[in-house]
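J.: Model the full assembly from the supplied sequences, consistent with the hints where possible.
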Amino acid sequence: MGSKSLFDFTLTNPWALDRVPACLLLGIFCGLVSLYFMRTMSACEGFFAKLSPYPYVKLLFGGLILSSLIFLFPSLYGEGYSAVNVLLKGQYVEDWGQVMSRSLFYGHNQLLILYIALVTFTKVFATSATNGSGGCGGTFAPSLIIGGFAGFLFARLWNVNQVGVYVPEQNFTLMGMAGLITGVMHAPLTGIFLIAEL
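Numbering follows the UniProt record's numbering, in which position 62 of the sequence shown is assigned residue number 62; successive positions increment by one, without gaps.
Treat the hints as calculated values from the structure; they're not laboratory data.
It cannot be assumed that every hint is accurate.
[Claimed, not checked] Derived SDA-like pairs: lysine to any residue, alpha-carbon spacing no greater than 25 Å straight-line:
id : residue 1 : residue 2
1  : Lys58     : Gly134
2  : Lys58     : Ser42
3  : Lys50     : Leu69
4  : Lys50     : Phe61
5  : Lys58     : Phe140
6  : Lys89     : Gly134
7  : Lys58     : Thr139
8  : Lys50     : Leu60
9  : Lys89     : Ser42
10 : Lys58     : Gly46
11 : Lys50     : Arg39
12 : Lys58     : Tyr36
13 : Lys89     : Met38
14 : Lys89     : His108
15 : Lys58     : Ala43
16 : Lys89     : Phe9
17 : Lys58     : Glu45
18 : Lys58     : Phe121
19 : Lys89     : Asn159
[What the hints assert, rightly or not] Pair ranges (Cβ atoms, derived):
id : residue 1 : residue 2 : range
20 : Pro53     : Arg102    : 33 to 41 Å
21 : Gly31     : Tyr81     : 22 to 30 Å
22 : Gly164    : Ser67     : 17 to 25 Å
23 : Asp8      : Val57     : 35 to 43 Å
24 : Met185    : Gly63     : 23 to 31 Å
25 : Gly135    : Tyr92     : 32 to 40 Å
26 : Tyr92     : Pro53     : 49 to 57 Å
Each residue gets a CB set at the ideal place from its N, CA and C atoms; glycine is no exception.
T.: Printed below as a string of structure tokens:
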């Protein structure tokens with residue numbers, strides 16, 4: 001940090017007007033993912049709250065969930081910034097495939113989209129298990145990571161299925177982060193400026 005940016009991003013594909021429809025759809029997708037994130041977090045927190053009279057059970061249950069998820073998806077370990085940087089710096093499937101390193105998926109680049117989707121939708125459970133069992137995971141960093149993965153997932157699916165004009169995965173990873181922060185914090189400008197600064 002300090003003078004160094006948290007995320008390594010180099011603009012190689014500047015803004016193009018013909019990508020506006022994809023950006024609008026990404027916004028809708030991020031809105032739905034942020035709704036999923038908030039409702040799932042709330043439900044999981046309610047579940048762990050019921051275990052409050054049994055602190056050791058709560059700790060054991062949270063630890064089992066978290067360790068199982070990290071074993072399957074090592075990208076969930078820690079805050080996840082390094083995984084997002086892999087998506088931001090990569091240019092080809094072989095580059096992005098590094099995000100699956102140390103997982104059972106590694107070496108199977110054809111499963112990249114599936115892996116990204118699973119990380120996108122299981123990160124909330126890892127966060128809930130951390131927070132619910134007494135840890136401090138917060139919601140800001142997880143929403144950044146989920147947003148980055150969601151933006152990449154959207155762009156990759158768009159390009160693979162040739163829905164329309166090519167959209168750069170790196171740019172959409174950043175926009176996904178801004179979109180999720182916007183949805184979770186209910187602050188559009190804050191989300192955009194934060195991502196620009198980070």
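J.: Take the hints in turn and mark each one as holding or not.
T.: Here's how the hints hold up against the structure:
| no. | hint | verdict |
| --- | --- | --- |
| 1 | Lys58 with Gly134 | 8 Å, holds |
| 2 | Lys58 with Ser42 | 16 Å, holds |
| 3 | Lys50 with Leu69 | 22 Å, holds |
| 4 | Lys50 with Phe61 | 12 Å, holds |
| 5 | Lys58 with Phe140 | 23 Å, holds |
| 6 | Lys89 with Gly134 | 34 Å, violated |
| 7 | Lys58 with Thr139 | 20 Å, holds |
| 8 | Lys50 with Leu60 | 14 Å, holds |
| 9 | Lys89 with Ser42 | 33 Å, violated |
| 10 | Lys58 with Gly46 | 12 Å, holds |
| 11 | Lys50 with Arg39 | 17 Å, holds |
| 12 | Lys58 with Tyr36 | 23 Å, holds |
| 13 | Lys89 with Met38 | 29 Å, violated |
| 14 | Lys89 with His108 | 20 Å, holds |
| 15 | Lys58 with Ala43 | 15 Å, holds |
| 16 | Lys89 with Phe9 | 6 Å, holds |
| 17 | Lys58 with Glu45 | 11 Å, holds |
| 18 | Lys58 with Phe121 | 22 Å, holds |
| 19 | Lys89 with Asn159 | 18 Å, holds |
| 20 | Pro53 with Arg102: 33 to 41 Å | 37 Å, holds |
| 21 | Gly31 with Tyr81: 22 to 30 Å | 23 Å, holds |
| 22 | Gly164 with Ser67: 17 to 25 Å | 41 Å, violated |
| 23 | Asp8 with Val57: 35 to 43 Å | 42 Å, holds |
| 24 | Met185 with Gly63: 23 to 31 Å | 29 Å, holds |
| 25 | Gly135 with Tyr92: 32 to 40 Å | 36 Å, holds |
| 26 | Tyr92 with Pro53: 49 to 57 Å | 52 Å, holds |
Hints 6, 9, 13, 22 from the earlier list are contradicted by this structure; the remaining hints agree with it.
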